[in-house]
Amino acid sequence: MAQELGVNRVTLHRWVGTKDSLLVEVIWKLTEDSLVAAWDQLRDSPGPRVPAILGRWLRDTLEQPGARKIALTHDEHFMRLMTLGSHNYQPRLVRTVRSYIAEDVAENRIRSTLSLDELAYASVRIAESYHYLPTITGQPPDPDSAERVLRELLRP
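Residues 1 to 156 (UniProt numbering) are what the sequence shown spells out, left to right.
Don't take every hint at face value.
What the hints assert, rightly or not - Here are the simulated SDA-like pairs of lysine to any residue, each with C-alpha atoms no more than 25 Å apart in a straight line:
1) K19 - G47
2) K69 - P140
3) K19 - V105
4) K19 - A67
5) K29 - S129
6) K19 - R109
7) K69 - D33
8) K29 - S112
9) K69 - P91
10) K19 - E76
11) K69 - S129
12) K19 - L84
Said to hold, decoys possible - Restraint ranges, calculated between C-beta atoms of paired labels, are given here:
13) T11 - P46: 48 to 56 Å
14) P65 - P91: 23 to 31 Å
15) D117 - V16: 26 to 34 Å
16) I136 - A37: 25 to 33 Å
17) V10 - T137: 41 to 49 Å
Since the hints were made in silico from the structure, they are not lab data.
Being a predicted model, the structure only gives us computed values, none of them experimental.
Quick reminder that beta carbons are idealized off the backbone N, C-alpha and C, glycines included.
Based on the provided sequences and hints, a complete structural model is requested.
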């Protein structure tokens, strides 16, 4: 990459950090775009929107050839990058999901005795669990089940 950009590796490292850091940033941008597009499409739909948004995000991710290849061939490493707070992907995802849940709660689309933080974290972990099924259990990813479970958690 440094050669393609016409810089040395030290300069490239200063710009983007490690290869993992760059990968996380690229994937975060794709995630953010997917979530925003889904939110915009579902803005006026009735009921809780977060389950459908996270389901769409999982499907979008699995439909991207590059993301699918990384997730299925480097699954454990990829899962660590996306789920450990130290790589800053999951904290951003939880914050984003929290903001969507807060909007659904404010509009009386979701009722819960749990805090927004608890709902957001649990929602993200549920979505991740179904995304990383190949690594965790050997089963294929299952966005439909993730969405179904999230609909039970995030009820009107």
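Okay, the hints, checked on the actual structure:
In summary, the hint linking K19 to G47 is not supported, as the alpha carbons are separated by about 41 Å, beyond the 25 Å threshold. A hinted pair counts as satisfied when its Cα atoms are at most 25 Å apart, and K69 with P140 qualifies at roughly 13 Å. About 38 Å separates the Cα atoms of K19 and V105, which puts this hinted pair outside 25 Å; it is violated. Proposed proximity of K19 and A67 is supported: the alpha carbons are some 15 Å apart, at most 25 Å.
Restraint check for K29 and S129: the C-alpha separation of about 21 Å stays at or below 25 Å, so the hint holds. Straight-line distance between C-alpha atoms of K19 and R109 comes to about 41 Å, which puts the hinted pair past the 25 Å bound. Between the alpha carbons of K69 and D33 the distance comes to roughly 20 Å, so the proposed pair stays at or under 25 Å and holds. A hinted pair counts as satisfied when its Cα atoms are at most 25 Å apart, and K29 with S112 does not qualify at roughly 30 Å.
For the proposed pair K69 and P91, the alpha carbon gap of about 24 Å is at most 25 Å, so the pair holds. Under the criterion of a C-alpha separation no larger than 25 Å, the hint pairing K19 with E76 is consistent with the structure, at around 16 Å. Restraint check: the Cα-Cα separation between K69 and S129 comes to about 18 Å, which is no more than 25 Å; the hinted pair holds. Pair hint K19 plus L84 holds up; C-alpha atoms about 16 Å apart against a cutoff of 25 Å.
A beta carbon spacing of about 52 Å between T11 and P46 agrees with the range 48 to 56 Å that was offered as a hint. Remark: the range hint 23 to 31 Å for P65 to P91 is upheld by a beta-carbon distance near 27 Å. Distance hint for D117 and V16: a CB-CB separation of about 31 Å, consistent with the stated range 26 to 34 Å. A hinted range of 25 to 33 Å for the beta carbons of I136 and A37 is consistent with their spacing of about 28 Å.
For the pair V10 and T137, the beta carbons lie near 42 Å from each other, so the given range of 41 to 49 Å is met.
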